[in-house]
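**Student:** Got chain A; can you put chains B, C and D on it based on the hints?
Protein chains: 4
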Amino acid sequence: MDKLKEIKDRFAEGEIKQQHLETMIFNEVYDSDASRLQDACHDAARIRCSVAEESTGVSLDLIKNSRLDNSGLSEGHLLTGIEMKVGAALIPMGLAGPVKISGEYAKGEYYLPLATNEAALVAGVQRGVKAINMSGGIRTQVTFDGMSRAPLLEAPDIDAAKKFCIRVQEDRDLIQELNKEIKDPFVRLEYIEPYQLGTKVFLRMVCKTGDAMGMNGVTKASADIARRILKDLEGWKLITISSNLCTDKKASHINILQGRGKSVHAEVFVPEEVLQKVFKKGVTSRSVERVVFHKCYLGSTLSGTISGFNVNAANALAAFFAATGQDMAHVVSSSAAFVQADAVEGGLHFMVSMPSLEIATIGGGTNFGTAREALKLLGCGEIGTSPDDNENVKRLAEICCTAVAALDLNTACAQAAGYEMADSHVALARGEK
Amino acid sequence: MDKLKEIKDRFAEGEIKQQHLETMIFNEVYDSDASRLQDACHDAARIRCSVAEESTGVSLDLIKNSRLDNSGLSEGHLLTGIEMKVGAALIPMGLAGPVKISGEYAKGEYYLPLATNEAALVAGVQRGVKAINMSGGIRTQVTFDGMSRAPLLEAPDIDAAKKFCIRVQEDRDLIQELNKEIKDPFVRLEYIEPYQLGTKVFLRMVCKTGDAMGMNGVTKASADIARRILKDLEGWKLITISSNLCTDKKASHINILQGRGKSVHAEVFVPEEVLQKVFKKGVTSRSVERVVFHKCYLGSTLSGTISGFNVNAANALAAFFAATGQDMAHVVSSSAAFVQADAVEGGLHFMVSMPSLEIATIGGGTNFGTAREALKLLGCGEIGTSPDDNENVKRLAEICCTAVAALDLNTACAQAAGYEMADSHVALARGEK
Amino acid sequence: MDKLKEIKDRFAEGEIKQQHLETMIFNEVYDSDASRLQDACHDAARIRCSVAEESTGVSLDLIKNSRLDNSGLSEGHLLTGIEMKVGAALIPMGLAGPVKISGEYAKGEYYLPLATNEAALVAGVQRGVKAINMSGGIRTQVTFDGMSRAPLLEAPDIDAAKKFCIRVQEDRDLIQELNKEIKDPFVRLEYIEPYQLGTKVFLRMVCKTGDAMGMNGVTKASADIARRILKDLEGWKLITISSNLCTDKKASHINILQGRGKSVHAEVFVPEEVLQKVFKKGVTSRSVERVVFHKCYLGSTLSGTISGFNVNAANALAAFFAATGQDMAHVVSSSAAFVQADAVEGGLHFMVSMPSLEIATIGGGTNFGTAREALKLLGCGEIGTSPDDNENVKRLAEICCTAVAALDLNTACAQAAGYEMADSHVALARGEK
Amino acid sequence: MDKLKEIKDRFAEGEIKQQHLETMIFNEVYDSDASRLQDACHDAARIRCSVAEESTGVSLDLIKNSRLDNSGLSEGHLLTGIEMKVGAALIPMGLAGPVKISGEYAKGEYYLPLATNEAALVAGVQRGVKAINMSGGIRTQVTFDGMSRAPLLEAPDIDAAKKFCIRVQEDRDLIQELNKEIKDPFVRLEYIEPYQLGTKVFLRMVCKTGDAMGMNGVTKASADIARRILKDLEGWKLITISSNLCTDKKASHINILQGRGKSVHAEVFVPEEVLQKVFKKGVTSRSVERVVFHKCYLGSTLSGTISGFNVNAANALAAFFAATGQDMAHVVSSSAAFVQADAVEGGLHFMVSMPSLEIATIGGGTNFGTAREALKLLGCGEIGTSPDDNENVKRLAEICCTAVAALDLNTACAQAAGYEMADSHVALARGEK
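Residue numbers (our numbering), protein chains in the order written: chain A, 575 to 1007; chain B, 575 to 1007; chain C, 575 to 1007; chain D, 575 to 1007.
Pulled out of the complex, with its shape left as it was, chain A reads as follows:
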């Protein structure tokens, strides 16, 4: 294919801009044939790899040949998914489960797809699943649903700031009016929490976004809304359309208190005899309770965390996110979790609360490739048709919380058994189990 070779040479010479490469190949090599769009994008990726290989002498064979078809056409424009694409990264995927869930949305038995490089993680989830299933399954629920963005405005003086904050809280018509600014049919503004520091007014806008995680939709909406608000406010200024009070991709306490994405809870009652059977002999509800207190509360508080009151929620969460195409930067805030292990009559009452699980079944990485398959496997492949129609993503949130609960239950019990955690990691890494 000489044409492609020629384009590659021109690209290597810097004659073709990065952002034009896919379009040029699509048009010139494939005559804008929509059925060849993915091939065009794959060619572009391979060209970029080749140029990097030639300039560095390093082989990028696997990257070059890994292919994820996430491109599309929109009103004549070629959407490449991400920019400057060279291929795809591969993360090993395991499948734990099936686990019994009695949730509001997840009802039945579910596999738990987990993409991770960490040995012992999938096995750990699986042992937790075993304990859960022997205990009759886990109960789950979603108690909050909303995606937030928080533009920051500056009032001319504190009186104007106060007056506007009161209006935002009390004037329901304002919310309705602002909703008219939102073009995206999958985004609806629910309410605005105003926070004032002197003349600075943070408007934490909370939206329903259907089955989407919603951050991009909400960012756009918040810019439109800020523009609209400022039109009527004399002497006010926009400081930033995103003020970190959202809070996006940072561990923040406001997300704990007010929620972001979904707030999800799970509980399971594990009888003493299940603890004994699944874990080591010394593991009792009381010993697990003490480990969880000392590790997840005494240790965590001394460490100065404001969101990490769990055994290792991020481990299961990151693996579940990678497998299902979520935004991996959301691991920061979504892994916030409170674990409780109460020794009660007859066994262990184990609970996990995740206040800010930012998750999706549509949009971004969930639309394509291995992620799409994983979502379908979980019965979350359908797509809601309105901001409120989000049973798929709530189901997914409950399954995700279950994966976290399974791993944390397992690891809490492993630590209640003394040195077992370290020993088992070593054994698994050595292939002894």
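You can't tell identical chains apart in this list, so a pair holds if it fits in one copy or across any two.
Distance condition first, Cα-Cα at most 27 Å in a straight line; then the derived DSSO-like pairs of lysine-lysine:
1) Lys-950 to Lys-681
2) Lys-591 to Lys-851
3) Lys-805 to Lys-754
4) Lys-811 to Lys-855
5) Lys-855 to Lys-591
6) Lys-855 to Lys-805
7) Lys-811 to Lys-854
8) Lys-811 to Lys-851
9) Lys-854 to Lys-704
10) Lys-854 to Lys-805
11) Lys-737 to Lys-681
12) Lys-674 to Lys-851
13) Lys-950 to Lys-591
14) Lys-754 to Lys-737
15) Lys-579 to Lys-950
16) Lys-811 to Lys-757
Worth flagging that the hints you see were computed from the coordinates, not collected in a lab. Here the structure is a predicted model, which means the values were calculated and not measured.
**Tutor:** The following block gives chains B, C and D in isolation, referenced to the frame of chain A:
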């Protein structure tokens, strides 16, 4: 291959345990031929997929066919990398750069591999790179290096607790003696920070771990050390070998103050004219300074974060981590970052400090596949030979911090230009740029 | 007075209980003559001092002779104010001001009574007052008013917990019904914020409490309300009537976000020439802005505070609290403050926001002695007649915030002048000024 | 005394400056007779009161007549203690105890002086004392001693910053050399913790300060040291001599981890039968453990505190501080406390850890009046003669921690008894007990 079919059927019937599947195929189908090890593991993964497909009716074609050869043999045992493997997850990868770095370890021009599903991210990094390069490059450094684990012990009374804490701080021989317990030649205990709460003693053990991230090595070491310590202490008990004071995979302030993994800093001086050329007209050092103050400090403090004083460090970090095979759950703690934007004579003094970057060039996901290629591309493919020999990983840490700095510089400037951030996300998502 | 001597001897012998001493003297020595009540209590205090003096050999002359008449009679019972009283502690009081305030409630010129042992503090406030007055005065406002307590209940399962939380948020009749349980005419329940962690339900009850700080009234109300709620909820349990989510007397982020007591803001625009005249020559709006950023934000965030984004709010606050009879343990939470110093056209825009100022003009120490006089001096001596009638305490809150703003303005400017802060402390302590 | 009348008139006319009033009366009315110094200061205070009374029409009788002699002469200068003095504030004082302490420094039986306006507080401490004494007393210890200040410097670039931080950590000669700059014989620099954020270097200087709390001495020392350091560092600048990393009078996590003032621990083992006798029937070690977990950990973590893991440490602490002349603004940071209540074989293992108790037996308010008497009563009236000679203040720290432990033990048990806390507050406030 009838044998394989038969194994599959027995597996579907539950006659073969999950953890025996690879070994059985390897032995029975491939006659334990080491050169066919990866095939055996791939077969096992496909069998698991098929069973899940059959039980759910959902096709897992892409998962089934994605293959990442991360298995190995160790003293006759088959190491599968992760357990219950079904294939691999794919995340699109882009390549920003090259960017000029004048670091302690990174010196020259470097590509920035970024695996992400988020549109605009790679383009954002690239615009930051443009500004950095036009400013003569970025300066980087590593100021801390150490991996920590913190077992928690209980003393019989507070006097015993105090006495032991003093010994841990003052007795250098103790550290030397404890090092004898560590079998892993790539792990060396440097010092122990003791923290006492009544009778409870947290021992935050800090180790050098060469080019490895080191968490598993340190976990093992800390179990051995705890065992050794307790042998001599009458009336003491182990509460847990990992107390969350480490702190692993939670956003914690102790990691900010004491460091974990690597502490890395980057600075670049961006002349006013570069700001004007690369970003919108209104963008000046003063306007960027104000946005960074309001977003990364006023907004962040109000949000109740203890680690998120940045524009969006997690975005670049997660993409860099996914591309280079890092433990994705470490995004939580590694994305802690303080950004500073000082308007000074002639331009913008932009700085990023990342106190707890947990990163590796060897171990876990870095050993295999696309990650290995990405690491080689960055000149970080060699492997140190001792706990102190870690120039590869320090180089990687500096490059990673550069990626974060590039994106945060870009996004801070975008927000200083008013609504640009939202508009550009939409445009990119729509393919208009 | 033989009778008194005899009582003293019997008390020294342990024949009279601590809590009966005042009543016995009142009855037996003063024949229950109400006009001699304070004398009886003072006698009791002196007796306790004498007994302690005799047993230790230490003279308590000043304590014994310091007298604060805070006793009373209520339905025949003698109220001693506090128990086991021996006298009073004395803290030196200075009077800064008058300062010009244009507040919502404080309008005019106000003295600032400050009880403290710290040299330079009153002088520092006074220099801040000077700058404020030369700038035309300070503007103040109250944006939140409500006292909170948070009992913690346990539901039988997470479904019941969720259901009840929804009811608490949506059922306005419930709030009205619960208000019937509250006997105190100065307390009215406004709303309840429910927070759920698994089966645990925190009910953060927010009340109006008139001119009182309200904590005791609200504690009683929350017990009555918890009792009432539990009556209708089968299988639920009370864990504690006060769960630290209130949050009382601890530095907590929930008080920052949701407010407690009063949220107060103050702003003053200080022209450049005022900065030059009042402070050292080098002090400009820009230099103050930089000091405030580095100290109150960069330094504070690195220190791991969640409420201390100010120069030294606690100094002025504690002195104002001691002078006006507030609960000194509330200094912890009430001193939460965000200071902003924006260099703007023509000068410095200086702002202080105090989200959780727990303050009173009636109840506890505000009813008596020097505190009562100080409150009258501030025009805050009247007492509202209902939960909503609280202009006195709001006026006081604005004056208190002004004292904090004056000191923080002064100290920020002093630090912008380099070593001045240390030098001036020394000079004042040496009497050189 | 016509002279005094004349001075008052001139003062009222504004002809005499605030800071000259005491000196003028001392010189002109009392002929600089040192024995009349306190009278001169008291006259000045009364004059200020009169002027305020005349301008406002409010009587300040009690303030005017409360007298605290805290003035002195130093090299011919008159030291007024605080500035613009008008008298003193009175806070009621009670005396709990004696309590049995087996501490490192406090050994024997100690009264607990408590100045507070809160009913039920002294009685609550006393009930805790009763339980402690019936349990054989409380064990206490001091595990850290050091006062800190943290100037903030700016390096010309990150390399210079790193180099200097390393020097500060490794060069013991530097510390010795810097100590030469310190003029105060009661202050000795022990070590410096450097923290780097880009080019900004925070130097947390930790000093021994004898029996003094030490903040003023350390502030002066840190200015001198900063000056000395900067002399040798080209291109460096002082940003502020106090950067909030100290951290002074704000609730900060660095003080928790690194300590400030004294770190103190207390433990007591309370047998089940003592719990039953002293508290209500239902109170068991298990019920107290559960309340402490839910309130001090689950509730506190959800509230977003980083220092408030206790029942109500600030209550006892503030009262003890007011009674013993401590800096009341230090209640913010000194009240940081971790309470543990472990149900163990036979009873309750109750512990309190206070990492940053900033306390003194000499300097500021401790030198005078009722505070001095209270300190003598506690056997803490002597004064050490060097930075290391600080047994008095350590003894005081242990007694203070005991007061906190007594109240928190009592209140935890009260809450374990259901509604008791609210009921008893009401009863005590009504005089029913």
